[in-house]
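*Asks:* Sequence:
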Amino acid sequence: MSSIFSPGPYHILSYGTLLGTTVFHTFVNGIISFRHLPRFYFSSLMAELFPVYFSMQAALPVAMVLTLPASRNPFGPPGGLAGVLDSANHRGVLAPLAAAFACAVANLVVVGPATTKVMAERKEQERKDGKKAYDAPPHSPQMQELNKRFSILHGISSLLNLGTLVATVAYGFTLSSRLS
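Read left to right, the sequence shown gives residues 1 to 180 (UniProt numbering).
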C-alpha cells in the first residue's frame with residue numbers, strides 16, 4: 001500500500017483529473033452548454049470557465065512532473081523532475097507532458113485572452129450595427145473582420161485543446177505500461 005507521502009497516488013490523481021476535465025469539457029460540457037444556453041449566456045459562461053480550465057490544464061502536467069514515481073528498477077530513472085528529464089523518459093514522459101503544458105499555456109496566456117478581446121469588440125460592434133454577430137448576413141465590414149478573427153482564434157484554441165487531449169492520452173499509454 002502506498003504511503004500518503006508517496007508521489008504515486010498524487011501522480012495518478014493529477015493524470016485522472018487532467019484527462020477527465022479535458023474529455024468532459026471538450027465533449028460534454030461545451031457541447032451541451034452550446035446547444036441549450038442562449039448564445040449570450042453560453043459566451044458569458046465560457047469566458048468565466050476557460051481561464052480556470054486552461055489553468056488546470058497547465059498546472060496538472062506540472063504536478064505530474066513533480067510527482068512522477070521513480071522506476072521500480074533500482075537502475076532505472078529516478079522520480080520527479082530528474083526522472084522526467086532522464087533520457088529514458090524523453091519520448092514517453094517529457095514530450096507528452098511538455099506538449100500538454102505548452103498547449104494549455106498558449107490557450108491560457110495568448111489565445112484565450114485574444115479571443116475574449118475579440119468577443120468584447122464584437123459586442124461593441126453589435127451595438128453600433130444594431131445586429132448580432134451571428135445574425136444572417138449582410139454584416140458591416142468591421143463585423144465581418146471581427147467574425148473572421150474570432151473564427152481563427154476559436155479554431156486555434158480548439159486545436160490547442162485537442163493537442164492537450166492527445167498528449168494526455170499519449171502519456172496515458174506510458175503511464176499504463178508502468179502500472180503493469
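In short, the hints are calculated from the structure, not lab data. Check each hint, because a few of them may be wrong.
Claimed, not checked - Taking lysine to any residue and the SDA-like style, the derived pairs with C-alpha atoms no more than 20 Å apart in a straight line are:
1. K128 / V109
2. K123 / L153
3. K117 / L153
4. K132 / G8
5. K132 / L153
6. K123 / Q144
7. K117 / A133
8. K117 / R149
9. K128 / V105
Unchecked claim - Computed spacing ranges between beta-carbons, pair by pair:
10. D135 / G80: 48 to 58 Å
11. L159 / F40: 45 to 55 Å
12. A47 / G172: 26 to 36 Å
13. I156 / V62: 40 to 50 Å
14. V109 / L179: 25 to 35 Å
15. R72 / T116: 25 to 35 Å
16. P137 / F40: 16 to 26 Å
17. K128 / G80: 22 to 32 Å
18. G130 / L85: 53 to 63 Å
19. T17 / N73: 52 to 62 Å
20. R178 / K128: 28 to 38 Å
21. V23 / V109: 51 to 61 Å
22. A47 / F24: 15 to 25 Å
23. P38 / G8: 40 to 50 Å
Each residue gets a CB set at the ideal place from its N, CA and C atoms; glycine is no exception.
*Asks:* If you check each hint against the structure, which ones fail?
*Replies:* Of the numbered hints given earlier, those the structure breaks are 1, 4, 9, 11, 13, 15, 17, 19, 20, 21, listed in rising order.
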